[in-house]
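Residue numbers (numbering that gives the first Met the number 0), protein chains in the order written: chain V, 0 to 810; chain A, 0 to 212; chain R, 0 to 303.
In silico lysine to aspartate or glutamate, EDC-like type, Cα no more than 20 Å apart, as pairs:
1. V:236 <-> V:318
2. A:177 <-> R:279
3. V:569 <-> V:534
4. R:197 <-> V:484
5. V:747 <-> V:701
6. R:102 <-> A:68
7. V:347 <-> V:466
8. A:206 <-> R:114
9. V:468 <-> R:193
10. R:97 <-> A:131
11. A:69 <-> V:398
12. V:773 <-> A:68
13. V:649 <-> V:36
14. R:96 <-> A:68
15. A:193 <-> R:118
16. V:175 <-> V:264
17. R:9 <-> R:75
18. R:225 <-> V:466
19. R:218 <-> R:196
20. R:97 <-> A:68
21. A:189 <-> R:43
What the hints contain is simulated information worked out from the structure, not anything from laboratory work. Computed from a prediction, not measured in an experiment: that's the story for all the values here.
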Amino acid sequence: MVEDIPRIGVFICHCGLNIAGVIDVKEVAEYAKTLPDVVHTKDNRYTCADPGQDEIRKAIKEHKLNRVVVAACSPRMHEPTFRKTCAEADLNPYFFEMANIREFSSWCHPSTPKEATDKAKEIVRMAIAKARLLQPLKEIEVPVTNKALVVGGGIAGINTALDLAEMGFKVFLLEKTESIGGHMAQLDKTFPTLDCSICIEGPKMVDVGRHPNIEILSYAELVSVSGYVGNFKVKIKKKPRYIIADNCTGCGECKEVCPIEFPNEWDMNMGVRKAISVPFEQAVPLIYTINLDHCIECYKCVDACGARQAINFDQEPNEVELEVGAIVLATGFDIYLPYDNPLYGYGKYDNVITALEFERLILAAGPTGGKVIRASDGKKPHSIAFIQCVGSRDLKKYEYCSGFCCMYTLKNAILIKEKYKDEVEVYILYMDMRTPFKGYEEFYRRARNLGITFIRGRASHVIETPETKNLVIRAEDTTLSQPVELPVEMVVLCTAAIPKADAGNVARILNISRGMDGFFMESHPKLKPIDTPVDGVFVAGACQGPKDIPYSVSQGSGAAARAATILSKKKWKIEPIVAEVNTELCRNTKVKCGICAKRCPYGSIEAPENQPAEVITAMCHGCGTCVAECPADAIIQNHFTDEQISAQIKTALKDNPEGKILGILCNWCCYAGADLAGTSRFEYPPLIRPIRVMCSGRVDRDFVLEAFKLGAGMVLIGACHLPYDCHYISGNARMKARMDALAPMLQKLGLSPQRFRVEYVSAAEGLKFAELMKEMGIQLKELGPETIKRENAMLKPILEKMLAKKQRKSK
Amino acid sequence: MSESKPRQKEKVEPEREFTKATSTSSEEPLSDMTKDKTSERRGSETASIKAHEFDPHFKHEISNFHGGEKLKQCFQCGTCTSDCPIARFSDSYRPRSLIRMALLGLKDRVLSSDTLWLCAACFTCTDRCPQDVEVASVIRIFRNIAVKRGVIPQIFKELGSNILENGIAYKIPELRLKKREQTGLPPLPKRNPKALEKLAKETGFLKKLKGSG
Amino acid sequence: MDVNKDSNQKAWLLFLGCAVPYRVSSYEISTRKVLAELDIKLVEMPEYNCCGLPIDPIDHEMMLILAARNLTLAEEKGLNLVVLCPGCAGTLRKVNKKLKESKMLREKINSYLKETGREFKGTIEAKHLLQLLIEDVGLEKIRSAVKKPLFNLQVSEHMGCHVTRPTGAVDFDNPENPEALKKLIEVTGAKYVDYIDKSACCGAPIAGVNDKIPLQLTKEKLIHVKDAGAQALITVCPFCHMMFDTNQPRIERMFNETFKIPVLHYPQLLGLAMGFSSEELNLKGLRVDPTPIISQVSDRAEGK
Ligand code: SF4
Ligand code: SF4
Ligand code: SF4
Ligand code: SF4
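Extracted from the complex, chain V is given alone in its bound form (with noise of 0.2 Å):
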């Protein structure tokens, strides 16, 4: 645009002390002034506040800004607030850039506040450059299918699927196994109010079967999933159950006739099941399996259904492709069974139990009719030992407390106190009882009085007497710190909730994130809890960490509510941050290229003979891999240009070049773990200078031999693990291909090896973030300005020849 000559307003963020405490706002704000088009700068308290983005509105009109920079914390957190501060200025939201000088400054660099100061300022100066470089861009707008999937039919599911339901969305509940119910309906009673579980469960799992909006597809798994937010493709695979589900009547004659029984898995194994059947009484929907690696296939039960013509045994699984416009995981997790753990005697001692299996043996309904009773004589134990943290807070193991299991604990103790009296003797031995929560505190004193003994210590050991089969646990009464040797008849590893063993899957398949403990990754840990990275996939329940029953019914209600706000829209906006072809510049007329067409990892380019290519807008993610991949300079990237992002890496490398370390970090993984960086307060040395593209797939090479030519100490490309942690599929493995071809010309050229680096950072690895970081500055040090300087000296002709002849070449 000719007559768009840049205005920019600076606006600095005090952020309370957060940043102030540290940075200098004052001489940030007075040196922005002096910067190229800057007509106005302001520093205010909390610039996402009602006044702070007021005065923003304010500026936009009074000082005719066309352009708005605003320096204060990550753009993953409040880049969309100001854009549309600005629109309501009418000022078009994609004149905005922000300057991250809390996550990348103030917060991890705590105790040099002076040199903070300077790497916020040169954060800002480049914030600033982009700002100049940016154009009017127009939101895409796409239809919304307003139709839900809920992945998993436990009780958070179960609770999303009512919810949308009761809305008046069309909602797919995908279930795995043959029922709904998940881990609740495998539960005796719930804490701290002692309700029967399946009986608060079994009338929502009703409730839900009956529902006329809602299709439960259960026995069937997610295969793949395409699309984007509002117009997403689920293809699911149902497995066969040799039954004609539309025939069944869930009669159960069947199962009458069936002579073969097997061990009931839903039972944890305690008790068995039919070869056709159904896992426990209350399954929805009531139709039953037939498990042919036990069925003999005498066909009695086909005889038994006669009429009714349910069974069929020649049943192949079956494909079927959904459209939905939001998706709620609410997988829910697996519990530890600690086999590998030779000092419990899991697996080897009769008398040794997990807490689930000891729900199976209390529950009324359950295998042995509600008896607690030892696997290695049948008889009631005299004394029982709870054993807590099995798996949990273990750094060999599973480093987090998984939540529940001490509140679960005390109810199983008071469910025996209550069942047998004196005549069962009851201890835990816990670290830490985390009672928090309503009711919970009063709950716990309620089994002190009932007289269960509390031992404060960590169980290392449980030793089988053979004779007896009782047991002896070793630990420490650390409140007495005394070894003691506890003799029981029982015990209750009260194992860690732990992330389901498909969850590496299902996140490959949506392209959604897992933290260090394996659990699905929100997108903020307070602020989007419920969101995931990708637009319209949400997340609720144990999926997402270990939660207990209140606290999965609220999310999944709350995941309801937040796919409501897509569903409820016709049309749903998604940035315009997409690629566009040159078509004047694109070689594909002339000669055979179609390079980025190749290389889009969404298949959205075509580029068909002796044409230019084009981009399906629609179908575009925005990853850039297609405009760093293009021989010809061709393509472009909408808010993320070759002329923005060399004006951002000129802007860093200003002064004192040689001291600093360049780095261009995708959005979703390496920019959001140095993000984490900073939140968590990890400190390293202020020695980077951040360029955030949306994934690693955009760096082009030029951008690195730009940063050498212009001196850098050093280059950092952050990306996301490789093989399948990039939000892009392949984003960045296109750049490892790139990079791997460049670094070792580089060297032979004469650079150090340590200058260049590739790294990958997931979104969750803060502290990886942090000690790359101190390492690169040691290496920094280490290698002196001195070194960087000869090598660089010796470089800069040739990357000039380099970056010179590409910029001939596409004239």
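Here the structure of chain V is known, so what remains is to put chains A and R with the ligands in place on it, guided by the hints.
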């Protein structure tokens, strides 16, 4: 709290009568030097932990040694004590309590505790600690620091000087060396104590051995 | 020099340590017999010194230096070390690993070693006898060397802590569920019996500071071994052996118990199965009379 009173620096007990090197096989009277002298000595004067006893820096000091890095991760679960073979038969030896005292900063108590020398270095605790604290190494660090203060049980002193004299930790009687050859074994390889002495001088080990008498 | 050249025997440098030549020569005698039969050539190690472990409590750095010095001797010869005492083996392995990994530590230790004209380079491995048998000789080869399988015998093991602990530093077998010695015992034809608290420590290292506790620990273990019905206990550590064998009569007197459980060094057990005589394996060097076992073995031999 209290403006730092001069801490009782050398509150080191006079060398306790640790037995001489009773090898595991000799039939000498049992030595049990550690039998609760700790508590006798403390008696009423340490009924409570006094302000001057806290040295908040101690935990950091330990963390700076190889093997002490994870000390501060300890959450006092008691796994180390409960499966420690020594703790099971001792009235006073409690690895967790030593760790706890160190975390609290009770430097003098830790370093002058007789029980410090009871660890068998079996590493059961280290292998089982759920927080990766290298308990046995932490105890070794305590000992190394106590030695710097002049506390070395007799047995270790003897092993140390034997090594510097013979290259190995025991003095093997001539008779036994002869007997070796009678049983058809080759002669015991020669050692080079001179080289060791040189190294011991260099590192200050010699001084540590001699220093306390 | 290359010792491996002139024969198909593998050569290893034998690290004797302190306790074995001091008191436990039957371990050494039987080891030499058995390894020769398994084509392992043992090379003597002049100039060696204590592994360093006994003085670790006084001065960790000096321990590192003593261990490193031994490693440099092996590097000079270009041979890997085989070690009889698990304490020495653990120390040498741990220090070898640490020095290989950490440049800083290596430089520091080398700055001392330089004074005596040595330098740690990190070119060799150190292994305990058990590890050598499992990893380098292999169960198959051992099995084929067994001439007189000990089918009538029921034995237990006490492996000793340092063969496997601390896990990360030693990197051999699993201390919570050890298998190495079990497999090696089963190869001799003997029946392996498990017992309660098998991997617990015997307490030997603190003898001298406190004698009573080790004796109590050893007594407890002997009770479990006896209850499990083992006719003999197998060890691979000179210190453990002293606790269980040399001290057994004393424990019996002190606690008023009778055990009479012979305690054999593993190479003695293997030696018997390979057909060596009890003289060749120096069984008379044991404190607890092993005659019942020897007679079992010879009974069987006659039976054939
Ligand atoms: S909830 Fe309780 S038992 Fe479960 S891991 Fe946390 S502290 Fe341990
Ligand atoms: S490569 Fe990326 S930016 Fe280019 S068209 Fe494909 S999705 Fe869009
Ligand atoms: S086992 Fe580890 S965490 Fe537990 S008390 Fe001992 S040192 Fe602390
Ligand atoms: S290493 Fe020491 S403290 Fe740890 S278990 Fe063994 S004897 Fe106890």
